[in-house]
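Trainee: Now for the letters of each chain:
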Amino acid sequence: EVQLVQSGAEVKKPGESLKISCKGSGYRFTNYWIAWVRQMPGKGLEWMGIIYPGDSETRYSPSFQGHVTISADKSISNAYLQWSSLKASDTAMYYCARGEVASDYWGQGTLVTVSS
Amino acid sequence: QSALTQPASVSGSPGQSITISCTGSSSDVGGYNYVSWYQQHPGKAPKLMIYDVINRPSGVSNRFSGSKSGNTASLTISGLQAEDEADYYCTSYTSSSTVVFGGGTKLTVL
Chain A
196 EVQLVQSGAE VKKPGESLKI SCKGSGYRFT NYWIAWVRQM PGKGLEWMGI IYPGDSETRY
256 SPSFQGHVTI SADKSISNAY LQWSSLKASD TAMYYCARGE VASDYWGQGT LVTVSS
Chain B
49 QSALTQPASV SGSPGQSITI SCTGSSSDVG GYNYVSWYQQ HPGKAPKLMI YDVINRPSGV
109 SNRFSGSKSG NTASLTISGL QAEDEADYYC TSYTSSSTVV FGGGTKLTVL
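Chain order of the listed sequences is A and B.
Quick note: our numbering has the first sequence finishing at residue 311, numbered continuously throughout.
Quick note: our numbering has the second sequence finishing at residue 158, numbered continuously throughout.
Looking at chain A on its own, in the form it has when it is part of the complex (with noise of 0.2 angstroms):
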């Protein structure tokens, strides 16, 4: 069975940094890729970037381009999405998902609070 479980929720502060994770199993996981999407409260899917975890070959969206960093870790299986330094705006549910143009399988989402 195909799962993708993501990190759990956290609450942190302006200026502090985080990476939160993605876990893929029951597929491959080299062979597809894992997209990051923002839902900010109350408001639509935002596409944020992808990763191709078998050759770490990054792309961004504009919108997120130096905000960001997508990473991952094919030996184990994670992809990972951390800021260095988070924004009160950057308060909203991420998801992980798989596929580049299509992504037919989704994390449960991680929630990230930001608040002084």
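Honestly, the hints are just simulated from the structure, not real lab data.
Note that beta-carbon positions come from the ideal geometry of N, C-alpha and C, so glycine has one too.
Don't take each hint at face value.
[Claimed, not checked] Covered stretches of chain B (chain A as the covering partner; in silico rule of three or more C-beta atoms under 8 angstroms from a C-beta of chain A):
# : segment
1 : 61-71
2 : 84-93
3 : 121-133
[As the list claims (entries may be wrong)] Here are the simulated EDC-like cross-link-like pairs (lysine to aspartate or glutamate), alpha carbons at most 16 angstroms apart as the crow flies:
# : chain 1 : residue 1 : chain 2 : residue 2
4 : B       : 92        : A       : 252
5 : A       : 218       : A       : 196
6 : B       : 95        : A       : 241
Place chain B on chain A using the hints.
Mentor: This is chain B only, laid out in the frame that chain A set:
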């Protein structure tokens, strides 16, 4: 890149058909047959309903169908059911090798 344009809301009665549009440009929707549609119920992760404009993943009801004409893609849901009430999002691959979402459409089943 700008978000694709979807109507904010649509509604229909049980048994009726509704269509949700998704308008982009020649750099995304019009340029590639890589339009997908997702259903999202409150508090849940999105679910893929249509991919590559017209294809349904295994397990998705054949009441859901997709199409495209020029820069506009459409999702049609026939035989509306109460369980179809949800938010629907389109996506498209873009000329920048990225993906862009539509703003989302809230479907209300009356």
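Trainee: With a Cβ-Cβ cutoff of 8 angstroms, does the segment 84-93 of chain B contain at least three residues near chain A?
Mentor: Coverage by chain A holds for the segment 84-93 of chain B (4 residues, Cβ < 8 angstroms).
Trainee: Are there three or more residues in the segment 121-133 of chain B whose C-beta lies within less than 8 angstroms of some C-beta in chain A?
Mentor: violated (count 0)
Trainee: Just to be careful, I want the Cα atoms of residue 92(B) and residue 252(A) compared with a cutoff of 16 angstroms; is the pair within it?
Mentor: Answer violated: residue 92(B) to residue 252(A) is near 29 angstroms, above 16 angstroms.
Trainee: Holds or violated: residue 218(A) and residue 196(A), Cα atoms, limit 16 angstroms.
Mentor: Holds, because 13 angstroms separates the two Cα atoms, which is no more than 16 angstroms.
Trainee: Does residue 241(A) lie within 16 angstroms of residue 95(B) when you go C-alpha to C-alpha?
Mentor: holds (15 angstroms)
Trainee: Taking beta carbons only, do three or more residues of the segment 61-71 of chain B come closer than 8 angstroms to chain A?
Mentor: Not satisfied, violated; 0 residues make the cut.
In terms of the numbered hints stated before, the structure departs from hints 1, 3 and 4, listed from lowest to highest.
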